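Enquirer: With the hints in hand, could you dock these two chains into one complex?
Note that the protein sequences, when read in sequence, are chains V and B. Take the first sequence: its letter number 54 is residue 54 in this note's numbering, and every next letter is one higher. One gets this note's numbering by counting positions in the second sequence from 1 and adding 116 to each.
If you are wondering where the hints come from, they were derived from the structure by calculation, not from laboratory data. Just so you know, these numbers come straight off a predicted model, no measurement behind them. One should not assume that every hint holds.
Said to hold, decoys possible - Only pairs whose alpha carbons sit at most 27 Å apart, straight line, appear in this in silico DSSO-like list of lysine-lysine:
#1 B:Lys199 <-> B:Lys173
#2 B:Lys173 <-> V:Lys103
#3 V:Lys3 <-> V:Lys38
#4 B:Lys186 <-> B:Lys125
#5 V:Lys38 <-> V:Lys16
#6 B:Lys125 <-> V:Lys103
#7 V:Lys103 <-> V:Lys3
#8 B:Lys199 <-> V:Lys103
#9 V:Lys70 <-> V:Lys103
#10 V:Lys3 <-> V:Lys70
#11 B:Lys130 <-> B:Lys173
#12 B:Lys173 <-> B:Lys186
#13 B:Lys125 <-> V:Lys38
#14 V:Lys38 <-> V:Lys70
#15 V:Lys38 <-> V:Lys103
#16 B:Lys173 <-> V:Lys3
#17 V:Lys103 <-> B:Lys187
#18 B:Lys130 <-> B:Lys199
#19 B:Lys125 <-> B:Lys199
#20 B:Lys186 <-> V:Lys103
#21 B:Lys173 <-> V:Lys38
Said to hold, decoys possible - One-sided and incomplete, this derived list gives chain V residues near chain B with beta-carbon spacing under 10 Å:
#22 Phe35
#23 Tyr37
#24 Gln39
#25 Leu48
#26 Ile49
#27 Ala93
#28 Gln102
#29 Gln108
Each residue gets a CB set at the ideal place from its N, CA and C atoms; glycine is no exception.
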Amino acid sequence: AQKVTQAQTEISVVEKEDVTLDCVYETRDTTYYLFWYKQPPSGELVFLIRRNSFDEQNEISGRYSWNFQKSTSSFNFTITASQVVDSAVYFCALSEGVQGAQKLVFGQGTRLTINP
Amino acid sequence: DGGITQSPKYLFRKEGQNVTLSCEQNLNHDAMYWYRQDPGQGLRLIYYSQIVNDFQKGDIAEGYSVSREKKESFPLTVTSAQKNPTAFYLCASSPEGLYNQPQHFGDGTRLSIL
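Chain B on its own, in the form it takes in the complex (with noise of 0.2 Å):
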């Protein structure tokens, strides 16, 4: 079954540490993002890239890194700039150049700091 594929489901970060998540994808969407939940709020987009090898920061980019080397990875790493982190991440994918597609998620990591 094609799918959004996020790892691990929990994370602890220390003090001062950097720590990636991982998200793949096997629906051969072209764009994929990253958004941030804390309780009680919306979704909050971090970064997001259209292709390969290219990304854009969205509203809380700060902290925060990604990468694109291949079209079904986008892993995001959360620095010890980030002050922060404890939330809930989500990623998605959808069809590129289609905005009026809905976007497909995975189903989260949860990062704690110890």
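Isolated chain V (complex conformation) (with noise of 0.2 Å):
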């Protein structure tokens, strides 16, 4: 069976310190996806980013990066200089590749709070 583990539940820094919220995958599958996604206060969850198991280079996308190592099933996120903006829920999902839909399977999720 998937799934997908997020052992921190929540995480406290001050801010502009940098941040990593781990995520470790289990799955049978040789073609899979992960992704991240953000859950403001208002609820709605946000994609920030989707990568497959074919392509293990890291990812940087401003003050975000991504660390995907297949070795040790891992997918982690780290926020470099965080901001109070960045206080949210983080999730980490994995794809099951079901033709014609997609099954994703969550983390518990990682509440993020950025102090001032």
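Expert: Right under this line is the structure:
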């Protein structure tokens, strides 16, 4: 069975600190996709990044960066120089490759609080 | 602007009552999904639909029902058989046949028991 684990339930840091959110996954599929979503207090989930199982290249987008390591089944997310607006719940998710529809398996989420 | 609209934002259910949550999308997506979110937990899949007039159970379908009569609409009914309905419900959509594409989410409906 597919599973996503986000061991950090809550993280609290002071603004401008760097913070890393951990994500570990389990799957038997050789082809799969990993996602990170952000859930601000308003409730909707906002897509941040997608990574497929064949692409282990790390990615940087502004203050955000993602480190994908198949050897450890991890897909960690780092925010550099954090800001108060980064405060939200962050979810890591794994896609089951069902043709025609996408069944996402979500982690429990990490609540990130950035204090001024 | 294209997107997903969920209504109402807040909903209250009495004992023994069925309630229906609305989800409408104008993204021209074929696949639609309903998730339930409980405090401190991730999202769990209730139902999903790949095309009109077809839908499949997710991991926690008991006590819920859906319909997909139009491509744009995927309403969720929380029946009286669902004994613990208090939760945050999120609707999502994605292009059909493209399981690598991110899902787009609505703003959610918060359901509580009176």
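Enquirer: Each hint should be assessed against the structure and marked as holding or not.
Expert: Hints versus structure:
1. B:Lys199 <-> B:Lys173: 18 Å, holds
2. B:Lys173 <-> V:Lys103: Distance ~11 Å between lysine 173 of chain B and lysine 103 of chain V Cα, so the pair holds.
3. V:Lys3 <-> V:Lys38: Within the cut-off at roughly 19 Å; holds.
4. B:Lys186 <-> B:Lys125: Distance of about 22 Å is within 27 Å: holds.
5. V:Lys38 <-> V:Lys16: Satisfied, since the Cα-Cα distance of roughly 19 Å is no more than 27 Å.
6. B:Lys125 <-> V:Lys103: Answer holds: lysine 125 of chain B to lysine 103 of chain V is near 25 Å, not above 27 Å.
7. V:Lys103 <-> V:Lys3: 12 Å, holds
8. B:Lys199 <-> V:Lys103: Holds, at about 25 Å.
9. V:Lys70 <-> V:Lys103: 21 Å, holds
10. V:Lys3 <-> V:Lys70: Distance ~15 Å between lysine 3 of chain V and lysine 70 of chain V Cα, so the pair holds.
11. B:Lys130 <-> B:Lys173: 25 Å, holds
12. B:Lys173 <-> B:Lys186: Holds - the C-alpha atoms of lysine 186 of chain B and lysine 173 of chain B are around 18 Å apart, at most 27 Å.
13. B:Lys125 <-> V:Lys38: 19 Å, holds
14. V:Lys38 <-> V:Lys70: 23 Å, holds
15. V:Lys38 <-> V:Lys103: 18 Å, holds
16. B:Lys173 <-> V:Lys3: Holds, because 19 Å separates the two Cα atoms, which is no more than 27 Å.
17. V:Lys103 <-> B:Lys187: Holds, because 19 Å separates the two Cα atoms, which is no more than 27 Å.
18. B:Lys130 <-> B:Lys199: 11 Å, holds
19. B:Lys125 <-> B:Lys199: Satisfied, since the Cα-Cα distance of roughly 21 Å is no more than 27 Å.
20. B:Lys186 <-> V:Lys103: 21 Å, holds
21. B:Lys173 <-> V:Lys38: 26 Å, holds
22. Phe35: Holds. Min distance 6 Å.
23. Tyr37: 8 Å, holds
24. Gln39: 9 Å, holds
25. Leu48: Because about 9 Å separates leucine 48 of chain V from the closest Cβ in chain B, which is inside the 10 Å limit, the hint holds.
26. Ile49: 9 Å, holds
27. Ala93: 8 Å, holds
28. Gln102: Holds, about 4 Å.
29. Gln108: Where the cut-off is 10 Å and the nearest Cβ of chain B is about 5 Å from glutamine 108 of chain V, the hint holds.
Violated hints for the displayed structure: none, as all numbered hints are satisfied.
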